[in-house]
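Enquirer: Each protein sequence line maps, in turn, to chains A and B.
Under numbering that gives the first Met the number 0, the first residue of the first sequence is numbered 0, with each subsequent residue one higher.
Under numbering that gives the first Met the number 0, the first residue of the second sequence is numbered 0, with each subsequent residue one higher.
Since the hints were made in silico from the structure, they are not lab data.
It is possible that part of the hints are untrue.
Unchecked claim - Straight line, CA to CA, 20 Å or less: simulated EDC-like cross-link-like pairs of lysine to aspartate or glutamate: (1) 114/A <-> 160/B; (2) 114/A <-> 12/B; (3) 135/B <-> 135/A; (4) 38/B <-> 160/B; (5) 137/A <-> 137/B; (6) 173/B <-> 141/A; (7) 111/B <-> 124/B; (8) 173/B <-> 135/A; (9) 32/A <-> 183/A; (10) 146/B <-> 120/B.
What follows is the residue order along each chain.
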Amino acid sequence: MNKEEFQKKLKSYQEPLSVSVSISLSNYFDVIKYILEDFSGNKNLPIIYISATIPSKSISTVLDVYGVDSKKIFFVDCISHIMMSSTAYSERTVFVESPTMLETIMLKAQYILNKYVTGGSVIVIDSVNSLAIHNDMKILSEFLHLFVTYLRSRGAYFVILSMKEQSNDEISNILNFVSDEILEVE
Amino acid sequence: MDKVRERCLTGIEALDNILNGGVPKGNTVLITGSAGTGKTTMSIEFLVHGAMEGEKGLYISVTEASEKLLENLIVYDFFSKEIMEFILRLSKALSELGCTTFLVSELLPSAKGYSQYGVEEAVSDGIILLGNLERKGDLLRTLRVVKMRGTSHSRATYVLDITSIGILLVPLLKGGGEMV
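Pulled out of the complex, with its shape left as it was, chain B reads as follows (with noise of 0.2 Å):
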């Protein structure tokens, strides 16, 4: 039988069934995907229902910084070099000290892999992503957990509602499509 890791609950019910009872504690995960699919909602509430346990989160924004980061690393090659040191050093820091860490990053559409830089992924024991699948006319929210060191889980894919009452998740129905 394998070894039975402490899981992190994420607070989103279905998230943490699909992940068998959580994020294993002290996992760097990556949450990935286009603009718009949740990736900011759905860290914020990962640190929310941890407030409402008792826990201490925090959540790091370096949105506006990172736009203009993007925008000079085509100039300033040594930019690149920085930030995947700063997210080695981070993950290792964090990971040391017993935190469950949400990398949070935006994945261009013409990218490769589930990261900008690469290192993101790298250095991540689990992998969320976020996506747009188009059918027929309409734009679906949809959620794939890649992988996760620790656990067993499932890989398939799963519709996503941002609710008032927190993130919600339903099976993909199998009518084709493709995640943009």
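With the rest of the complex left out, here is chain A (with noise of 0.2 Å):
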């Protein structure tokens, strides 16, 4: 689908469910806005953005650029710390030492939600092809299923970031058991 579609498609969704989202470098940051702006954004729920492929703080800086308000963003970034990037205090950055700690991922997430959210929220996964390349297969769908199902019993959208140039058979097979719908964007 072109970006109009998924702009439309974003703003359809009423209850909470799961939605992978095939993109490619191209679009990166323009489908990161979409999902930002016109999902989270018109529901009003905060964000949850999970980085594992890029540092918080250069999202935090394109995100500016792009003029989306992040006030509603909080990151769980666990890629700064193994790429020796600063992991200087802010109060919407909790940092995992290293994207193997799955359940690291879910218990900050946790913290985040218990901490700052009231109802519902958006969680955001960025991507799933980083989290595949730190990680064995059966690990990374125990977790995609975990933390998927536990979420969404707290009302959380998933938004489940996947590269379309990074992807394989067993990523898609994993996408297609934790989704409630598949989407690709061109």
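Combine both chains into one complex, guided by the hints.
Expert: Okay, structure coming up:
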């Protein structure tokens, strides 16, 4: 689907669900902007953004350039530590030492939800491919199954990003299992 | 149907869920694990939650002294006997008073069982084992309820995080690794 269809689709979701979004490097930040503005912004829901691809600071910088209001975005940053990037304290960012610490990602998301969020939320995982680089498929499947099931029971919408260029059959199988819908954005 | 015993909430939501509603009132529970696994934090959190509910709590800190006792134990065998008798008397007295008690014990890597002297696990109605799990270079804090008289409970291993809003738990993913 094209960008307009994608935006329309996002706005149509009314109940908590899990959606996988296949994107390419060329539309990576555009898609993120749509998710943060059209999806969560439209529903006025806080976002927990799990960054395993690039450091949260870099994403924040780009979002500022795009003019996206980042006041309702909390980051679980699991890449800055291993990239030796800055992990300076920020009220809206919690750091996980490594993307292999999948339980800790769940714990940090739970911490943010318990401390700052009442009601629904949007959880963005960026991306399943980055997590697949650092984890074997069995534990990654188990993680996504538990994480999605647990947080959906707490009224969370899940958006799992996957990079078209880095995908394979194993990743597709996992996403088929944990997603209610799979969207491909051109 | 099993008779439901009155519960004492630990205040740690996930642990109360694991225990089907909390520690059965009056139980003596051994919290055991190696250094840095969260034993003290868990005990303090238990007392703080109780205090917030208007309950009275007592924390007997013998950390420094017990280290010295342990060193002396090798030389003076009677210390061992004294400690055992003290724990037995304390456990019995607290149980008779209707107190739910957390006994905190440091577990040495070389220890067999769940306690240093053996008597702690013998007098305890419950055992909560805290540990460290090493997996691919990551060190995770873990928790397992080994036993708890008076309630059915999960015996699975959970990963624990100590946060500003208290202890949080999630199930351990089955990715291998051994408790250390």
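Enquirer: Next step is simple, just say for each hint if it's right about the structure.
Expert: Comparing the hints with the structure gives:
Between residue 114/A and residue 160/B, the direct Cα distance comes to roughly 14 Å. Compliance with the 20 Å bound is thereby established for this hinted pair. For the hint linking residue 114/A to residue 12/B, the alpha-carbon distance of about 14 Å falls within 20 Å, and the restraint holds. For the proposed pair residue 135/B and residue 135/A, the alpha carbon gap of about 11 Å is at most 20 Å, so the pair holds. Taking the CA atoms of residue 38/B and residue 160/B, the gap is near 12 Å; set against the 20 Å cutoff, the hint holds.
A threshold of 20 Å between alpha carbons decides the hint, and for residue 137/A with residue 137/B the separation of about 18 Å falls inside it, so the pair holds. Under the criterion of a C-alpha separation no larger than 20 Å, the hint pairing residue 173/B with residue 141/A is consistent with the structure, at around 8 Å. About 19 Å separates the Cα atoms of residue 111/B and residue 124/B, which keeps this hinted pair within 20 Å; it holds. A C-alpha spacing of about 11 Å is found between residue 173/B and residue 135/A, which places the hinted pair at or below 20 Å, so the restraint holds.
Taken as a hint, the residue 32/A and residue 183/A pair is honoured in the structure, with Cα atoms around 16 Å apart against an allowance of 20 Å. For the proposed pair residue 146/B and residue 120/B, the alpha carbon gap of about 10 Å is at most 20 Å, so the pair holds.
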